[in-house]
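Participant: Take a look at the letters that make up each chain.
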Amino acid sequence: MAHFTKATSIKDWLNQRLAIEKVEKVLASEYWIPKNINFLWAMGMILVITFVLLLVSGIFLLMYYQPNVDTAFDSVNYTIMREVGFGWLWRHVHGVAASVVFLIIYIHMFTGIYYGSYKKGREMIWISGMLLFIAFSTEAFSGYMLPWGQMSYWAGMVITNLFAGGSLHADGLVEWIRGDYVPAQAFLTRFFMLHVLLVPLAIIGLIGLHFGALRIPHVNNQDGEEIDFDEESKKYLAGDKAGSKVIRFANDFMAKDMMVVGFYLVFFFYLVFYHYGFAMDPVNFDPADGLKTPAHIYPEWYFLWSYEILRPFSTDVGLMAFAFAQGIFVFLPFLDRSPNAVPASRRGLFKYWFWAMLVDMIALTAMGKLPPEGIFSTIGLVAALGFIGLWIALPIITYFEKKA
Amino acid sequence: MKELFILVVVTVFTLVTYYLVEPFAHANLHKHVESEAFAYADLAAVTKTGDANRGKELVMGAGACTGCHSINVAGVSAPMDAVSSAAAYGVNPPDLSNAGVVYDEKFLNALIKNPAHTLVVEHTFDADKGEMHPMIPFYGAGGDIDQEVADMVTYLQSIAVSQEELTPAMAFENACGRCHGVKYEKWTQIGTKGTFQHKRDELAFDIQVLDYKDSLKAYMGKLPPDLSMYIRSRGEHYISTFIENPQSYLEGTSMPRVGVSAQTAEKVIEYLEDSGDTKRHEREEVGKYVMIYIIIFALFALLWKKQVWRDLH
Chain A
25 MAHFTKATSI
35 KDWLNQRLAI
45 EKVEKVLASE
55 YWIPKNINFL
65 WAMGMILVIT
75 FVLLLVSGIF
85 LLMYYQPNVD
95 TAFDSVNYTI
105 MREVGFGWLW
115 RHVHGVAASV
125 VFLIIYIHMF
135 TGIYYGSYKK
145 GREMIWISGM
155 LLFIAFSTEA
165 FSGYMLPWGQ
175 MSYWAGMVIT
185 NLFAGGSLHA
195 DGLVEWIRGD
205 YVPAQAFLTR
215 FFMLHVLLVP
225 LAIIGLIGLH
235 FGALRIPHVN
245 NQDGEEIDFD
255 EESKKYLAGD
265 KAGSKVIRFA
275 NDFMAKDMMV
285 VGFYLVFFFY
295 LVFYHYGFAM
305 DPVNFDPADG
315 LKTPAHIYPE
325 WYFLWSYEIL
335 RPFSTDVGLM
345 AFAFAQGIFV
355 FLPFLDRSPN
365 AVPASRRGLF
375 KYWFWAMLVD
385 MIALTAMGKL
395 PPEGIFSTIG
405 LVAALGFIGL
415 WIALPIITYF
425 EKKA
Chain B
26 MKELFILVVV
36 TVFTLVTYYL
46 VEPFAHANLH
56 KHVESEAFAY
66 ADLAAVTKTG
76 DANRGKELVM
86 GAGACTGCHS
96 INVAGVSAPM
106 DAVSSAAAYG
116 VNPPDLSNAG
126 VVYDEKFLNA
136 LIKNPAHTLV
146 VEHTFDADKG
156 EMHPMIPFYG
166 AGGDIDQEVA
176 DMVTYLQSIA
186 VSQEELTPAM
196 AFENACGRCH
206 GVKYEKWTQI
216 GTKGTFQHKR
226 DELAFDIQVL
236 DYKDSLKAYM
246 GKLPPDLSMY
256 IRSRGEHYIS
266 TFIENPQSYL
276 EGTSMPRVGV
286 SAQTAEKVIE
296 YLEDSGDTKR
306 HEREEVGKYV
316 MIYIIIFALF
326 ALLWKKQVWR
336 DLH
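As given, the protein sequences belong to chains A and B, one line each in that order. Residue numbers for the first sequence follow this note's numbering, beginning at 25 and rising by one. Residue numbers for the second sequence follow this note's numbering, beginning at 26 and rising by one.
Worth flagging that the hints you see were computed from the coordinates, not collected in a lab. A few of these clues could be false.
As the list claims (entries may be wrong) - Selected chain A positions facing chain B (Cβ under 8 Å, derived; list incomplete):
no.	residue
1	131
2	280
3	283
4	289
5	310
To be verified - Taking lysine-lysine and the DSS-like style, the derived pairs with C-alpha atoms no more than 25 Å apart in a straight line are:
no.	chain 1	residue 1	chain 2	residue 2
6	B	138	B	81
7	B	242	A	316
8	B	247	A	316
9	A	316	B	208
Glycine included, C-beta positions come from ideal geometry on N, C-alpha and C.
Isolated chain A, as found in the complex (with noise of 0.2 Å):
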């Protein structure tokens, strides 16, 4: 048993059970952060921020929320949005943050992908992020069921009907999926279940993965240089803050961070308040009727991308695309065979592959919400097509890549 001293302040009570100066250390004082960053490299705490946002939110609303088909739509749309005390408020807090989070992931994405972020010992970084990116398109899929509108019936229907796998006809496990033959009350409480329980502890937990993954190969910087953490450290802790290459996690780095969450959150209210439309859809207004389908069924806008690579194929071909767009991206580190791990400007053929990427996914989002007809059709199943090209022909671009 360790030695306990008379404590001299609560502070040193708390030391030695907790050893609280060593995890201030440890997570903040001396965690180092390469200096030569900028603002993309705020958008991990912009998402945590968001997360947060989302969680305090949510839990307001799961005070008054009714998880029944009878009354859910009333729930959201009477009890919540005109008898609960600022009801309106935290769910256009939830709404709004549900679609700008997966704004910030792709941004976050794009990021890690234009300076080669998953390469060289960051690929776990890589992996769990997907992984998170996973997990929120389950909690954005599942809270979307829960207004029980037309939009959050329909969707329902259509996104487990994939589960059938096109001519396998696994209808047993579509059936299972939802506990019914069209979505209904079992649907509608295990979707429930998943959003406030399964999926964000999941989601909790690869965030600790996530976080731990970039302790080893720390933070990439903007010109992908290696830096020698140790000796960079000594030189700030020398006193040369300005010669060094690391900055402290506590305070420098998060001072930073919160300048450009505090510019966040200035756009994030400026859409909350006066410009909420665009996360919250008309059609899931009315409430779910299972004899009448909308004119048009979409999934928000953060899934249309996926769902246009679906859309332009035969039902088989397009399950196999869907799924390989779903799956690919976690592949990113070992498809890239590149040793370069800089910025995409200094990476020849790479550098266009990003563009390429970036301009053919906002292709694919835009086409999967306009009706699929006549020159709309013909660019979506060209984007599709380009986006699986581009992922076949990254091996190998990249295997040709000059040493940079």
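Starting from the known structure of chain A, arrange chain B on it as the hints suggest.
Facilitator: Just chain B now, with coordinates in the frame of chain A:
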């Protein structure tokens, strides 16, 4: 500077994506109908100046309006209650107390002479096939029919409340409320559902609503939807242009062109906002303070960063 450039790149890609999935996509998904400012341009202009006294005589007498309609302000009650009326006609004929202010003048003049045509429901009520609209056209009382109709409309206008006194609820209940329920405002097709001391009284009321809805369903083909959340599911522009002429969105729908004036339409929209977007004023008020708070927060965060990073450069 480099950071500013990166911000511009991120912003441009974000805005392009936003533009494509929101304004651009919705313009392609939904039909756009321009408002005609409730002009009812297809109807003939009113050329006669009416006389309220002669109008009163016609409305109460030869016009035979009170055979079906009540005029509560003039002390004329309905021949039947709402449920029996709906059973007889399909829908309860409106009380005419405020018809003169709710509906457009030109529309009322045309309606009295030819209801099915003015309401744009000739596709469901084809007189040639013997399908008569329950409102019988006024064929004239022996004089100049246009003058007689103008007299009746002038009478209706003279007994109605003023435009300022017409509340959003009155506008809605008159123009829409005999077919559409609004659950969130406790509005049913036969009136506001109050609170009941005894369960059996409440059930009796509910049964009346059910009976009314059955007649209405048979009359319209389907039960007209509850409009509680329509301001969020359809939006102001859609609702306003839909009221002007339902056929412009849903060709062949049995919903008539209601014939409200532009001011009444605004009040109907306000009523729907009160139902489906109840906290809009509070949202704007709270929004202001949150924005001020968060801008101050951002400025302090900026100053803190500058202070911390002074030593780091």
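Participant: Does each hint fit the structure? Answer for all of them.
Facilitator: Right, here's what the structure says about each hint:
With its C-beta approaching chain B no nearer than about 6 Å, residue 131 of chain A sits inside the 8 Å limit, and its interface hint holds. Nearest Cβ of chain B to the Cβ of residue 280 of chain A: about 5 Å, under the 8 Å cut. The hint holds. The interface hint given for residue 283 of chain A is met, as the beta carbon of that residue sits about 4 Å from the closest beta carbon of chain B, less than 8 Å. Using the Cβ-Cβ criterion of 8 Å, the hint placing residue 289 of chain A at the interface with chain B is satisfied: the shortest such distance is roughly 5 Å.
Checking residue 310 of chain A against chain B: minimum C-beta separation of about 5 Å stays under 8 Å; hint holds. Taking the CA atoms of residue 138 of chain B and residue 81 of chain B, the gap is about 17 Å. The hint holds against a cut of 25 Å. At roughly 17 Å between alpha-carbon atoms, residue 242 of chain B and residue 316 of chain A fall within 25 Å of each other, so this suggested pair holds. Simply put, residue 247 of chain B and residue 316 of chain A have alpha-carbon atoms about 13 Å apart, close enough for the 25 Å limit, and the pair holds.
Among the hinted pairs, residue 316 of chain A with residue 208 of chain B is consistent with the structure: their alpha-carbon atoms are about 20 Å apart, no more than 25 Å.
The earlier numbered hints are all upheld by this structure, with none contradicted.
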